[in-house]
Every structure is written in structure tokens, then in C-alpha cells.
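Participant: Work out the full structure: start from the sequences and follow the hints.
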Amino acid sequence: EADIETAFSGTSPMPGELHVEIFTPQGEAVAAETKQISVTDVVNTRFSFAIPSPQLWDVDAPQLYRAVITLASAAGKESQELSFGIRYFEFTPDKGFFLNGRHLQLRGGNLHHDFGGLGTALPDRAHEKNVEVLKEMGANMIRSSHNPAAPALMEACDRLGMLLWAETRNLHPEKGAEKDLTALIRRDRNHPSIIL
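In this text, residue positions in the sequence shown follow the working numbering: the first is 20, and each later residue adds one.
Derived by calculation from the structure, the hints in this document are not laboratory data.
Even for Gly, the Cβ is constructed at its ideal location relative to N, Cα and C.
Any given hint could turn out to be false.
Between beta-carbon pairs, the in silico distance windows are [as the list claims (entries may be wrong)]:
{"#": "1", "residue 1": "D143", "residue 2": "G120", "range": "30 to 38 Å"}
{"#": "2", "residue 1": "N189", "residue 2": "Q45", "range": "34 to 42 Å"}
{"#": "3", "residue 1": "H38", "residue 2": "E155", "range": "23 to 31 Å"}
{"#": "4", "residue 1": "T89", "residue 2": "L200", "range": "25 to 33 Å"}
{"#": "5", "residue 1": "D113", "residue 2": "H191", "range": "29 to 37 Å"}
{"#": "6", "residue 1": "R208", "residue 2": "A69", "range": "37 to 45 Å"}
{"#": "7", "residue 1": "A145", "residue 2": "E100", "range": "21 to 29 Å"}
{"#": "8", "residue 1": "H191", "residue 2": "P71", "range": "41 to 49 Å"}
{"#": "9", "residue 1": "G138", "residue 2": "P71", "range": "18 to 26 Å"}
For lysine to any residue, the following SDA-like pairs were computed, each having C-alpha atoms within a straight-line distance of at most 20 Å [said to hold, decoys possible]:
{"#": "10", "residue 1": "K54", "residue 2": "F68"}
{"#": "11", "residue 1": "K194", "residue 2": "K154"}
{"#": "12", "residue 1": "K96", "residue 2": "K154"}
{"#": "13", "residue 1": "K96", "residue 2": "E36"}
{"#": "14", "residue 1": "K54", "residue 2": "G95"}
{"#": "15", "residue 1": "K154", "residue 2": "G128"}
{"#": "16", "residue 1": "K154", "residue 2": "G95"}
Facilitator: Written as C-alpha cells, this is what we have:
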């Protein structure tokens, strides 16, 4: 199942159409659905898709599906693409971590948001290079210490097959900790690399 949330800037509700199409990692369309909606400031709609014999996202084979979401109304037509992976995992108290039913020893480390002399406003390639180097070293997991991960880092983990522990460091309820955590989960929920 997929919850689709769209934002719309309009002065009053109007009829519209929300269309979602799912593509395999090879680009083949495997599912589609259209719903008639009332377009308001924020539209929440639930779609349910059956994907036969899904290609599972894994650290050794990071298979990424693509969803194309199109909102059409009298105000115009707008589309957005979203990549996602299909995988399942579990942590067990006696045997450890399993990804897609396969035992996997987690190896990796903390990736602090410092980048030395580069600072934090840097090209996406810097994040991708970090993931490449860690994979070459035999790592399969990164912890984003101690801040929400940059979108470019999460996208690199998704594409290259690196697990990610997404972290926020706001531990103070009076300073919006719950709001920050909720925002992190909502923003990052479609990344198959995130397991914590």
C-alpha cells in the first residue's frame, strides 16, 4: 500500500485526478491506478498495488522501482517521480539482522556531517564518493551522526546498496524533538536503505 500526499496551492477546492504508475528497475510499467479527488491545499490518498514477483532491494543488488505521480485539475497538470525499493528486514535477539530473509552482519560506522574543509554545502558527488569508499572497505551500513542525513546521501545509499541508520539529535521535547523526528520519518520514509 502507498499513501500519496500532494501539496496544492489553490484558493478553493476543485475536482481533480491523481494518477500513479509504477515501473520496474528495468523501466517496465507493472501497476497503475487513477483516483478522482477534490484538490485542496493538501491531498492524502491511499493507493494499493500488487507487484508480482518483486525484485528485492539488497546491499548486493539495489533494485529501485519508480513511481510517477501525476495530479491533474483545472489549474493544470503536475508530475513527480519517486524512486523506492521493496525489501523486508528483521532484528532478532539471538541471531542478529536479516535482510530479505538472509542473515547479514552489519559492518560500518558513523558518518559525521563535517566534510572537513568542504563544509556542509557541497556537491552531491561528495556523498556518493563517501558511500563508494565505505563499500570498497567492506562496509554495508552508515549511521548519520548526529543529524538527519542529506537527501544526496540517502539517494546514494539507495542506488549503491548501503544500509542507513537515519538519526536526529534533538532529544529535548520542549525544543520540538517530536516534531523533528516526525519530519525526518515523513521525509525519508521511501528510502529502502533506511533500516533504523
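Participant: Now tell me if each hint is right for this structure.
Facilitator: Against the structure, the hints:
no. : hint                    : result
1   : D143 / G120: 30 to 38 Å : holds, 33 Å
2   : N189 / Q45: 34 to 42 Å  : holds, 41 Å
3   : H38 / E155: 23 to 31 Å  : violated, 41 Å
4   : T89 / L200: 25 to 33 Å  : holds, 31 Å
5   : D113 / H191: 29 to 37 Å : holds, 35 Å
6   : R208 / A69: 37 to 45 Å  : violated, 21 Å
7   : A145 / E100: 21 to 29 Å : holds, 24 Å
8   : H191 / P71: 41 to 49 Å  : holds, 47 Å
9   : G138 / P71: 18 to 26 Å  : violated, 47 Å
10  : K54 / F68               : holds, 13 Å
11  : K194 / K154             : violated, 36 Å
12  : K96 / K154              : violated, 41 Å
13  : K96 / E36               : holds, 9 Å
14  : K54 / G95               : holds, 16 Å
15  : K154 / G128             : holds, 11 Å
16  : K154 / G95              : violated, 44 Å
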